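> Next come the chains, spelled out residue by residue.
Number of protein chains: 2
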Amino acid sequence: MPLDPLKNIRVILCETQHPGNIGSAARAMKTMGLSELYLVKPHLFPDKQADWMATNAVDVLRNARVCADLDTALSGVVLAAACTARSRDIAVPAVSAREAAAQLVAAARTQPVALVFGNEVSGLSTEQVKRCQMVTMIPADASHNSLNLAAAVQVYAYECRMHATDATVPNKARELASHEALEGFYEHLEQELIATGFLSTKVPQRLMQRLRRLFSRTQLDAEEVRILRGIVRTLREPKNRN
Amino acid sequence: MPLDPLKNIRVILCETQHPGNIGSAARAMKTMGLSELYLVKPHLFPDKQADWMATNAVDVLRNARVCADLDTALSGVVLAAACTARSRDIAVPAVSAREAAAQLVAAARTQPVALVFGNEVSGLSTEQVKRCQMVTMIPADASHNSLNLAAAVQVYAYECRMHATDATVPNKARELASHEALEGFYEHLEQELIATGFLSTKVPQRLMQRLRRLFSRTQLDAEEVRILRGIVRTLREPKNRN
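Heads up: the protein sequence lines correspond to chains A and B, in order. According to the working numbering, the stretch in the first sequence is residues 5 to 246, in order. According to the working numbering, the stretch in the second sequence is residues 5 to 246, in order.
Hints may be right or wrong, so weigh each one.
Copies of one chain are not kept apart here, so a pair can be met inside one copy or by any two copies together.
What the hints assert, rightly or not - SDA-like cross-link-like pairs, simulated, lysine to any residue; straight-line CA separation at most 20 Å:
1. Lys134 <-> His47
2. Lys134 <-> Glu228
3. Lys11 <-> Ala146
4. Lys52 <-> Gly24
What the hints contain is simulated information worked out from the structure, not anything from laboratory work. Computed from a prediction, not measured in an experiment: that's the story for all the values here.
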């Protein structure tokens, strides 16, 4: 059982016309941690234009498997999603890209699954859709629902990654200010505002409450509290007057 | 107040190098219902390559506004998100594309907001990021986090659309089978399975329970129940033997 379900998700491109789209799709996959590319009867592959559009994802192209038909590409797959932009006559309700990705990732934790894309002009044939267990669509504008092939791959790969990972953004850990540091700051500020007559000694609480809310929303870190206290101190006792 | 927040979301592309990327971005926008494109110092625009890549979204290009600087493009905007692939020194925590889209759409219900993208090589400058109220990233693979510009626009536009609409897929309404129809089918099936000896009359329940679960998962519609009953009936009493 692989630890990373993304490695168990195949992207199968059927009869792609433009090699540049194969390259763009490979790049889209790699940005999201996918690497298993299958090409069913590509019009032109390998090709310089594909390499060019793949940029740093040329390795995905090098490892791509070219297949004579969809059945070969689906070999070993337990759940295949037909990615389409059209409602179809067949009686399979389409699920959204988000829902499809959830189901695929769940299955991919133990067994291979696939996202299947048709060619740029006509999409998937009814025969190809029949080979899949699920039909899925990206919710799009009704009057202009035709995403570029690589753009569609990007959205599905992104949704798979969002489901497979905790999908957090790598932020540097911030050393948030402690309760004591914050209270020290508020006390300092209040004293100075009273001392300067900005606050009345009788009813300082209302404005202090607003200031607390303001700073609370920003989640001050320790260094920021030191900076703010330095500003208050310096405004009260300018250094250049010493 | 516009009814559609997507019309209040500007996509601002800064110093784009390749006109083809402007066209691809326009197409990505239009598929998701966005139309407000602003170009800050584009390298080459208008351009045939942009028109070519835009396909049916040439109208978005025609209505695009070319601006001399980012401040001009941000005029009137109440919330701008800097879309970046890099962690930055500046002390602004990045939010995910999904979270950024949620905040942008919420604000866009009443006032203009913006997604701001840098150029293909160096992204947004620190000066440009400073002009924005939010920094956002698409959660991507650590070793290969550089999405194509139009692919990034596609993901953000998609997330905005998912937040702005109910994001459902247009499925034909299915007339699901009624309780009575389902029970009639199960009863019919059980009788025939007992009659044929497939089920023992003593303990038929276990297998029937599995069959119920199987059919329940598929959410049979009324027509499908009629078809299934027809199959059972025909298997028992073949028409061509009459």
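> Does each hint hold? Answer for all of them.
Each hint, compared with the structure:
| no. | hint | result |
| --- | --- | --- |
| 1 | Lys134 <-> His47 | neither (23 Å within a copy, 46 Å between copies) |
| 2 | Lys134 <-> Glu228 | between (60 Å within a copy, 18 Å between copies) |
| 3 | Lys11 <-> Ala146 | between (33 Å within a copy, 15 Å between copies) |
| 4 | Lys52 <-> Gly24 | both (8 Å within a copy, 18 Å between copies) |
In summary, the one numbered hint that this structure violates is 1.
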